[in-house]
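Visitor: Turn these sequences into a full structure, and let the hints steer you where they fit.
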Amino acid sequence: MDFEFTPEQLALKKEFEDYAIELMKDAPPGWGTSLEFQYSEIGWDFTKRTHKKIAGKGWLVRPWPKEYGGVDAPIVEQLMFNMAMGYHRVPAADVFGVGMIGPTLLAVGTDEQRKEHLPPIARAEIYWCQGWSEPNSGSDLASLVTRAVRSGDEYIVNGQKTWTTNAHNADWTFMLARTNPEEKRSRGLTFLLADMKSPGITVRPLVGMNGEHFFNEVYFDDVHVPVRNRLGEENQGWAITRATMNFERSGIGGLAEAQRSVDDLVEACKQIKWNGKTLAGNPFVRHRLAQLMIEIEAGNALAYRVAWSQEKGDFLQSAHLASASKVYGTELAQRIANTACQIFGLYGQVSNSKWAVMDGRWQGDYQFIPGTNIYAGSSEVQRNIIATAGLGMPRTW
Amino acid sequence: MNLDFTEEQEMLRTSARDFLTTECPKTLVREIEEDEKGYSPELWQKMAELGWMGLVIPDEYDGMGMEFFDLIILLEEMGRNILPGPFFSTVVLSAMPIIAAGTDEQKKEFLPKISDGEAIFTMALTEPSATYEPSGVALKAEAQGDNFVLNGTKLFVENAHIADYMIVVTRTKDVASPEDGITLFIVDGKSSGIKTEVMPTIGADKLCEVVFNNVTVPKNNMLGELDKGWPIVAKTLEQAAMAKCAEMLGGCEATLDMTTEYSKERVQYGRPISSFQVLQHYMANMLIYLETARNLIYEAAWMVSEGMPCTQLVAAAKGWTNEAYKFITERGVQIHGAIGTTRDHDMGLYYRQALAADLAFGNTDFQREVVARELGL
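Line by line, the protein sequences are chains A and B.
Numbering of the first sequence is given in the numbering used here, commencing with residue 1 and proceeding in unit increments.
Numbering of the second sequence is given in the numbering used here, commencing with residue 398 and proceeding in unit increments.
Calculated from the structure, these hints are not laboratory results.
Don't take every hint at face value.
[Said to hold, decoys possible] So these bits of chain A aren't anywhere near chain B, every CB distance computed over 12 Å: (1) N136; (2) L316; (3) Y375.
[Said to hold, decoys possible] Just some of the chain A residues that point at chain B, by a computed CB distance under 10 Å: (4) W238; (5) V327; (6) T388.
[What the hints assert, rightly or not] Sample of chain B residues facing chain A (criterion: CB under 10 Å; computed from the structure): (7) F416; (8) Y529; (9) V608; (10) L684; (11) A697; (12) A713.
Since we're looking at a predicted model, the values are computed, not measured.
Don't be surprised by glycine CBs; every beta carbon is placed ideally from N, CA and C.
Guide: Okay, here's the thing in structure tokens:
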């Protein structure tokens with residue numbers, strides 16, 4: 001066993017970190033105080049500018065093949081890249097384009113589809129959103145009812161998607177629609193790529209409890225999608241969603257962000273004095289901070305394991321570990337936010353005020369993070385996967 | 398980065414698991430719990446023949462010259478099986494500090510005895526103050542000609558009642574800084590003036606009270622330098638914390654295996670209880686705890702093995718594993734239902750071990766304090 005990076009990898013890691021610090025010099029005030037900020041007007045402008053810079057350097061899609069603008073970066077390099085970007089709060093590469101539909105197109109797209117869609121993602125020109133969830137199909141995604149009816153060279157799509165992150169900024173959506181209504185579940189679904197500017201698409205904001213805009217509802221009213229924008233075969237879309245999900249769950253970027261948050265919290269507790277004593281001098285605070293650091297170390301160790309399994313190509317064998325990493329990481333983030341609010345006591349609730357502590361970020365996280373325990377497979381769905389795939393328990397739901 | 402075990406390490410694991418399954422059934426574990434000695438001399442001899450006691454001892458002292466990380470694998474298997482006996486105190490708490498700090502003469506005298514299974518060792522560190530901090534070392538050693546004379550009481554000393562030798566951590570000078578003035582001696586366990594008494598404890602792992610009443614030990618048996626013994630203890634504690642974590646990891650694995658297996662067999666409401674989602678999620682939580690602990694333990698143990706500075710990571714690993722083992726065994730009992738609470742069921746063996754292991758070499762509060770210090774808090 002060897003937990004160390006090679007000298008070459010360490011040099012690359014340093015390069016990633018230096019670059020991340022450089023990129024962040026341009027960040028608008030308030031950046032990093034909430035995850036939604038990335039998708040606000042100011043945040044999105046910074047995000048796009050930053051992605052363009054990273055793309056210009058050739059680093060936006062490092063894991064992709066050279067042909068499509070990447071460098072075939074092995075998972076371990078990607079791990080280091082995501083750690084550096086996560087830690088320094090650089091706007092994460094578009095998870096839907098770079099992280100999901102890109103790899104999916106590489107796996108199952110036609111040459112024509114790849115040539116059309118991959119280069120603009122790699123250049124950070126085109127952004128994607130994920131049209132999967134529906135009002136009555138959340139965890140039970142396979143029950144979705146949005147219809148796509150074949151008509152000549154097109155599908156006519158009608159229905160409603162929801163919880164669509166960043167639909168208000170996205171240019172394209174990859175979506176699932178039911179093409180065979182006789183099949184109630186996964187067998188009747190088709191994977192389509194739709195231009196968000198298509199007539200008949202309406203995006204309505206879903207405002208989070210903290211007042212910020214992250215999710216959307218997306219309505220499809222007789223939307224025409226050319227058949228050439230179908231990924232895979234008709235009624236075979238479900239298998240493609242399974243492939244896509246493998247790219248979303250190693251968890252290291254989120255843990256690096258959590259690590260940064262706790263590092264900042266530790267520093268703040270060393271500086272902030274209450275009644276003449278630093279917060280760090282309070283034994284309860286010390287132990288709470290130490291416990292968070294212990295939990296981060298535990299999460300990092302598991303994420304390394306997941307990355308290592310993926311590096312070796314064991315995506316399937318490590319699927320339940322990826323689920324463990326996801327559920328662990330988001331539940332940890334929840335504990336961090338709660339602990340920080342507790343440490344700051346009454347100040348823990350203040351936002352946007354001279355009285356706010358650490359820019360009021362913790363009360364923001366406290367409101368936002370419950371969503372992370374739900375999106376991309378809720379914590380309960382992850383536990384189902386661990387129980388069935390990892391422990392061989394029967395599926396009874 | 399390479400998170401795989403080597404082929405040799407995989408072989409060590411397989412052979413250890415096979416050996417312990419055959420040679421150390423739970424019937425023997427229970428028998429030894431009740432036994433005064435606390436180990437099986439026959440099993441001990443067989444382990445010596447396999448080279449286990451000499452695993453990390455250099456070849457020249459009859460050992461196998463392997464790394465601390467290899468020992469971790471063996472300890473994980475021992476913990477999986479709850480192997481009772483003086484392996485930990487002899488190898489982790491004694492052979493390792495002798496390898497690190499012993500003179501050539503001391504190595505020649507003591508290490509082959511350990512490799513060959515001829516001598517049982519332990520370290521007498523903690524006292525009634527019940528702390529692993531240097532401030533807890535009060536037992537006095539006073540120079541008297543070519544000897545030192547020891548007076549005081551050690552407590553929670555594993556296997557002192559059967560130890561041929563004890564590494565005794567003593568106070569040789571009272572100074573402002575508690576790390577200074579600490580000296581280690583390798584003391585013959587049969588020396589006159591030593592009185593041991595086994596304490597009844599939850600893990601039945603033969604923790605002893607050891608009273609030293611004018612015990613004479615030759616100067617030559619000093620391990621390391623006069624007054625400068627604490628760094629040896631500190632290093633041993635770091636290794637011991639990781640070694641204990643490895644045992645605990647094995648216990649966590651065994652508990653989850655036993656529990657999932659039971660849940661698939663046990664039928665209620667006409668179906669196996671493994672089909673109930675609430676129990677599935679309990680077990681998923683057990684797996685999350687197990688897998689975070691496993692990878693953190695390997696990472697920290699590897700760093701210890703490589704001699705890298707890793708105080709914070711070791712403390713994190715022990716702190717996390719303490720809670721993991723307790724959580725996993727508590728859930729294990731719950732899923733087993735009433736049968737899991739009985740003396741006759743194996744579940745209770747692991748449940749009891751979890752607390753004993755948590756308290757050894759720093760419970761979670763202790764480790765949090767270490768982490769806080771490392772963070773500069």
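Visitor: Hint by hint, say whether it matches the structure.
Guide: To see whether the hints hold, each was checked on the structure:
A cut-off of 12 Å between C-beta atoms confirms that N136 of chain A is not in contact with chain B; the least separation is 21 Å. Its beta-carbon lying about 16 Å from the closest one in chain B, L316 of chain A satisfies the requirement of being farther than 12 Å from that chain. Remark: the non-interface label on Y375 of chain A is consistent with the geometry, its nearest Cβ contact in chain B lying 19 Å away (cut-off 12 Å). Annotation: W238 of chain A was flagged as interfacial toward chain B, and the flag is violated, the nearest CB pair being 23 Å apart, outside 10 Å.
Annotation: V327 of chain A was flagged as interfacial toward chain B, and the flag holds, the nearest CB pair being 7 Å apart, inside 10 Å. For the restraint placing T388 of chain A at the interface with chain B, the shortest Cβ-Cβ distance is roughly 8 Å, inside the 10 Å limit, so the hint holds. With its C-beta approaching chain A no nearer than about 23 Å, F416 of chain B sits outside the 10 Å limit, and its interface hint is violated. With a cut of 10 Å, the hint placing Y529 of chain B at the interface with chain A is violated, because the nearest CB-to-CB distance is about 16 Å.
For V608 of chain B, the shortest C-beta to C-beta distance to chain A is roughly 34 Å, which exceeds 10 Å, and the interface hint is violated. For L684 of chain B, the interface hint holds, since its Cβ comes within 10 Å of a Cβ in chain A; the closest pair sits about 5 Å apart. A hinted interface residue such as A697 of chain B counts as satisfied when its beta carbon comes closer than 10 Å to some beta carbon of chain A; here the least separation is about 8 Å, so the hint holds. Restraint check, A713 of chain B versus chain A: the minimum CB separation of about 4 Å is within 10 Å; hint holds.
Against the hints set out earlier in the document, violations occur for numbers 4, 7, 8, 9.
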